[in-house]
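K.L.:
For reference, the chains in residue letters:
There are 2 protein chains.
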Amino acid sequence: MFKINDNYLKLPGSYLFSTIGKKVAAYQQANPDKEIIRLGIGDVTQPLAPAVIDALHKSVDEMGHAETFHGYAPDLGYEFLRSAIADHDYKKRGCDISADEIFVSDGAKSDSGNIGDIFSVDNKIAVCDPVYPVYVDTNAMAGRTGDYIPEKQAWSNVVYMPCTAETNFAPELPKETPDIIYLCFPNNPTGSTITKDELQKWVDYANKVGAVIIYDAAYEAYISEPDVPHTIYECDGARTCAIELRSFSKNAGFTGVRLGFTVIPKDLKCGDVTLHSLWARRHGTKFNGAPYIVQRAGEAVYSEAGQKQTGEQIAYYMNNAKTILEGLKSAGYTVSGGVNAPYIWLKTPDKMTSWEFFDYLLEKANVVGTPGSGFGPSGEGYFRLTAFGSYENTVKALERIKAL
Amino acid sequence: MFKINDNYLKLPGSYLFSTIGKKVAAYQQANPDKEIIRLGIGDVTQPLAPAVIDALHKSVDEMGHAETFHGYAPDLGYEFLRSAIADHDYKKRGCDISADEIFVSDGAKSDSGNIGDIFSVDNKIAVCDPVYPVYVDTNAMAGRTGDYIPEKQAWSNVVYMPCTAETNFAPELPKETPDIIYLCFPNNPTGSTITKDELQKWVDYANKVGAVIIYDAAYEAYISEPDVPHTIYECDGARTCAIELRSFSKNAGFTGVRLGFTVIPKDLKCGDVTLHSLWARRHGTKFNGAPYIVQRAGEAVYSEAGQKQTGEQIAYYMNNAKTILEGLKSAGYTVSGGVNAPYIWLKTPDKMTSWEFFDYLLEKANVVGTPGSGFGPSGEGYFRLTAFGSYENTVKALERIKAL
Numbered sequence: 001m002f003k004i005n006d007n008y009l010k011l012p013g014s015y016l017f018s019t020i021g022k023k024v025a026a027y028q029q030a031n032p033d034k035e036i037i038r039l040g041i042g043d044v045t046q047p048l049a050p051a052v053i054d055a056l057h058k059s060v061d062e063m064g065h066a067e068t069f070h071g072y073a074p075d076l077g078y079e080f081l082r083s084a085i086a087d088h089d090y091k092k093r094g095c096d097i098s099a100d101e102i103f104v105s106d107g108a109k110s111d112s113g114n115i116g117d118i119f120s121v122d123n124k125i126a127v128c129d130p131v132y133p134v135y136v137d138t139n140a141m142a143g144r145t146g147d148y149i150p151e152k153q154a155w156s157n158v159v160y161m162p163c164t165a166e167t168n169f170a171p172e173l174p175k176e177t178p179d180i181i182y183l184c185f186p187n188n189p190t191g192s193t194i195t196k197d198e199l200q201k202w203v204d205y206a207n208k209v210g211a212v213i214i215y216d217a218a219y220e221a222y223i224s225e226p227d228v229p230h231t232i233y234e235c236d237g238a239r240t241c242a243i244e245l246r247s248f249s250k251n252a253g254f255t256g257v258r259l260g261f262t263v264i265p266k267d268l269k270c271g272d273v274t275l276h277s278l279w280a281r282r283h284g285t286k287f288n289g290a291p292y293i294v295q296r297a298g299e300a301v302y303s304e305a306g307q308k309q310t311g312e313q314i315a316y317y318m319n320n321a322k323t324i325l326e327g328l329k330s331a332g333y334t335v336s337g338g339v340n341a342p343y344i345w346l347k348t349p350d351k352m353t354s355w356e357f358f359d360y361l362l363e364k365a366n367v368v369g370t371p372g373s374g375f376g377p378s379g380e381g382y383f384r385l386t387a388f389g390s391y392e393n394t395v396k397a398l399e400r401i402k403a404l
Numbered sequence: 001m002f003k004i005n006d007n008y009l010k011l012p013g014s015y016l017f018s019t020i021g022k023k024v025a026a027y028q029q030a031n032p033d034k035e036i037i038r039l040g041i042g043d044v045t046q047p048l049a050p051a052v053i054d055a056l057h058k059s060v061d062e063m064g065h066a067e068t069f070h071g072y073a074p075d076l077g078y079e080f081l082r083s084a085i086a087d088h089d090y091k092k093r094g095c096d097i098s099a100d101e102i103f104v105s106d107g108a109k110s111d112s113g114n115i116g117d118i119f120s121v122d123n124k125i126a127v128c129d130p131v132y133p134v135y136v137d138t139n140a141m142a143g144r145t146g147d148y149i150p151e152k153q154a155w156s157n158v159v160y161m162p163c164t165a166e167t168n169f170a171p172e173l174p175k176e177t178p179d180i181i182y183l184c185f186p187n188n189p190t191g192s193t194i195t196k197d198e199l200q201k202w203v204d205y206a207n208k209v210g211a212v213i214i215y216d217a218a219y220e221a222y223i224s225e226p227d228v229p230h231t232i233y234e235c236d237g238a239r240t241c242a243i244e245l246r247s248f249s250k251n252a253g254f255t256g257v258r259l260g261f262t263v264i265p266k267d268l269k270c271g272d273v274t275l276h277s278l279w280a281r282r283h284g285t286k287f288n289g290a291p292y293i294v295q296r297a298g299e300a301v302y303s304e305a306g307q308k309q310t311g312e313q314i315a316y317y318m319n320n321a322k323t324i325l326e327g328l329k330s331a332g333y334t335v336s337g338g339v340n341a342p343y344i345w346l347k348t349p350d351k352m353t354s355w356e357f358f359d360y361l362l363e364k365a366n367v368v369g370t371p372g373s374g375f376g377p378s379g380e381g382y383f384r385l386t387a388f389g390s391y392e393n394t395v396k397a398l399e400r401i402k403a404l
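Each protein sequence line maps, in turn, to chains A and B.
Heads up: the first sequence begins at 1 in this note's numbering, then just goes up one per residue.
Heads up: the second sequence begins at 1 in this note's numbering, then just goes up one per residue.
It should be emphasised that the hints constitute simulated quantities derived from the structure, not laboratory data.
Errors might be hidden in some of the hints.
Where chains are identical, the list cannot tell them apart; a pair therefore holds if satisfied intra-copy or between any two copies.
What the hints assert, rightly or not - Mimicking DSS-like on lysine-lysine, the simulated pairs with C-alpha atoms at most 30 Å apart in a straight line are:
| no. | residue 1 | residue 2 |
| --- | --- | --- |
| 1 | K22 | K269 |
| 2 | K152 | K23 |
| 3 | K34 | K196 |
| 4 | K364 | K308 |
| 5 | K22 | K266 |
| 6 | K322 | K396 |
| 7 | K208 | K269 |
The whole structure should be built from the sequences, with the hints applied where relevant.
P.N.:
Next up, the structure:
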């Protein structure tokens, strides 16, 4: 008789954003006349930039003629895209990352989950708390996290690094030594960041204890302050301890286009084995590349026009962030984030739990946000709003919240 | 200190088609004047059908306007595509599969590998031998296959079901009971098929012993004979034992577009747990959907124009298959396949090993094929040619082979 992966049964509830989707759908069905504003899931609303649209049309035309048709892509991504990434995101910032250390994928969510494949089940993970739930959930599926303890809303075998008002929303080096450390800056969900000096401490620590850092920089395009690193490879020694995950979803609105990449420097080794070789093997065996037309769209993001146009989109969203931040402050909320990230993190009022506030906001203001507790135990009592709505809806949502 | 997944180190060499790619590149570099014809990897060469191109352009335009922009797709795929699949591929054939039992993905290779996630490491797999290498390689990565025994070119803990001339290229029910049975019909690489009555025996067997069948029907569009099933759900009882993998790569030339789907009937359970719920959880947690524009392209394949145009592509490739089959026969080769599948399977001449014949054909005829031994131990002494080249190249390749 076949046996299932029992680890799946340990997961509490469904994936956070699936749960939210179902709750909102149920409310809308029961209240068809209500106009719901979604500031919950981090999905963008602005259309693709003209330069990206042009690249898509052009490459679609190529696919319609035998002479310019493209079949299977190279395992690790087209050279034109990997070179554009290496030049723009790394060499221009003085980071020593070459095109063949970049693995193009269908997005950072897939990579965040799949990267676990190349590690033994026997590794202890450390995560910022709260954080993007995919890190913990996918490690739970792999059997790395022990058992879920409902009363703690936490797993028995995970090193949680609280990032609350008390720690200024930054993690402290853990007391118990982990093997794999997930860091996400600018942070999802708190919108907090880390300075280059602080990040250097993590790199030094990882090299010292033999840990690997999985650095999620999906929101780097939203950084506005000068001392915040755009990539972990700005730090000395990161080539021997860090994997970086990047996404086109938030810097270019590719949530429905699907494109991301992972960087694994060839100096990152376990004994004689490079993690680069293991990830290359996984890519070659369990994946067949991102679509040609999508890789051309990604290339267009790096063009002069693409940079200008996507820069305007980011400015648009960051204006929303400012609107939310200032609106909530004036309404008496305790808020943070929203300066180097498209997320605003607020303390729930009147000691409501995160889910109580979710229901309250959905029912009283018809605004959808994300309960902080969905991101980890230290997220309880907090709530996330995103700047990815339209400006009109953002203003309207804030008016409704202020009127509560 | 972090630990890697040691199972990766047990894998011999690199993924088959990566190895071939490297060998061909090295030969081409050493012999820049030689015109190499590739009938090795199963990549298509015909451009996308006009109906597909139109759908891509139309949906790209939608992505350029806020009112019609599409962000994150529904976890399991857009309803418009899942319904088209359910209607066309299942209901029209009298099979009881509903749209919500279909999971849209970025391709059957990803699904073939990722499906292992939902099963315990403690399952014994059975595979046709030879077969598409992804099944065994991905199970090896998960630690299910024991150790690789070089002298046998086989894994210690895999049930191999030989499909050679002696068995008429069909598998026999295994003596040792497996937990997970991979079947691929029309078969890659042999091009052989199975009748509905024969497949019914496998379904009955799986239900009897509590095994799950992972049925790869990526080549169903190439079936030309009437008694060959297009889906395993034509068999009674398949809903309680079978998962089906499907691809748009070969029926519509989507190798560089990336689209596929997996069917998991809700009646397929381990105790009280449906595999459908586990796969839905994996999809929701480790994947973010296929691109909207690609799902619209998939929908267009099912339109009247799309069916006509992709049908013509298949006829074109099958004419190549006939050319190869007849050409090789007239040159004295022992061949099979090529009637219900785009693959021609030949016995290597003069007792050459599969890789010896690969080198021979590459060097003497500048034709690339795939060594049978790359598909499993019983593939040794065989060789695969594909019908996916252009007609002109196919004819030219056959002329060169005949002239050897």
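K.L.:
Starting from the hint list further up, note which numbers the structure goes against and sort them upward.
P.N.:
3, 4
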